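*Asks:* Based on these hints, arrange chain B on the given structure of chain A.
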Amino acid sequence: FAFLFTVTVNALEGKDCKESVKLIAESTNLSEEQLAFLISGMYTLLREALRLPLSTFKQEVSSGSTWSPDKIPEDFIVDFSSIVFGNRRPPSEGTALIQGSRLPSVQDFKWRVDVAISTSSLARALQPSILMMMKLSDGTAHRFEV
Amino acid sequence: MAAPVVPESDSIRRAVSLLNAVDPGRFPRLLSRLLQKLHLKAESSFSEEEEEKLQIAFSLEKQDLHLVLETITFILEQAVYHNLKPASLQQQLQSIHLDQDKAEAFASAWASAGQDTIEKFRQRVLTPQKNLKKVFVEFSHQELFEFYNKLETIQAQLDSLT
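Sequence lines, in order, name chains A and B.
My numbering applies: residue 148 is where the first sequence begins, and numbers increase by one.
My numbering applies: residue 2 is where the second sequence begins, and numbers increase by one.
Think of the hints as simulated: they come from the structure by calculation, not from any bench.
Note that the structure is predicted; figures quoted are calculated from it, not measured.
Backbone N, C-alpha and C fix where the C-beta goes; we use that ideal spot for every residue, glycine too.
Now the stretches of chain B that chain A is said to cover, found in silico as 3 or more residues with beta-carbon under 8 Å: (1) 75–82; (2) 116–123; (3) 136–143; (4) 150–162.
With the rest of the complex left out, here is chain A (with noise of 0.2 Å):
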């Protein structure tokens, strides 16, 4: 079990996992069915709990309703709160936080001022107008007139 579960904390922090997997596999028993079950279960359980506010969670979680003993072994629960509430909770925090969707941000911003001197209605017209071409980091480019 614990090696299992430090490899999802891994996975939570950011950290490539594909070697720790491998030798799990390799070293148990268990069908890699059964492996992805568990990797994926423990992922998402972790997940959903590092999800809420602190303070939320304590509140369920004196009031039993989230760990019951029937459903996790006793000290497995120990493990699972340690990472939810102790103080390994930061970088699994903080790698959920970066990893977020994010609105692109603005690569490449080029821009020039035009003046129209003349027109078939004015003959002197003198009207500016701004070209703006951006380029964002999710590979969009706008081109357009102010």
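*Replies:* Just chain B now, with coordinates in the frame of chain A:
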């Protein structure tokens, strides 16, 4: 004033004689109305109904009315193009033999609504296509500050033009 702004062609001469015959009382209002809609030249200024009323009011046949309206519009567009002062406009019109009271009416209407009309034409220049699309972008504090500075630079450039 170098070359005349309103050429003395046959249709202009005909239009001028029609204009001179028109009742001066309603003339100023007609001018204002045409001035207001000048920048929207694509749509004609008057509906079928309104045109019929004008025909009666000015005792003009349909074709003559059209000539008169087109000529007034042309004169006003020329005033816009050359950015004429009201006095110059009046002078030009009198030199093609428009009656003084009508020329004065032109000058007066131009004096009050001329600059606004010219502005509308200025703005019409740059916007044939305004396809608005919303784009969402996220800025860090640093990025926002840099973007703000770039916009300030652009604004400074614009200000230095005037």
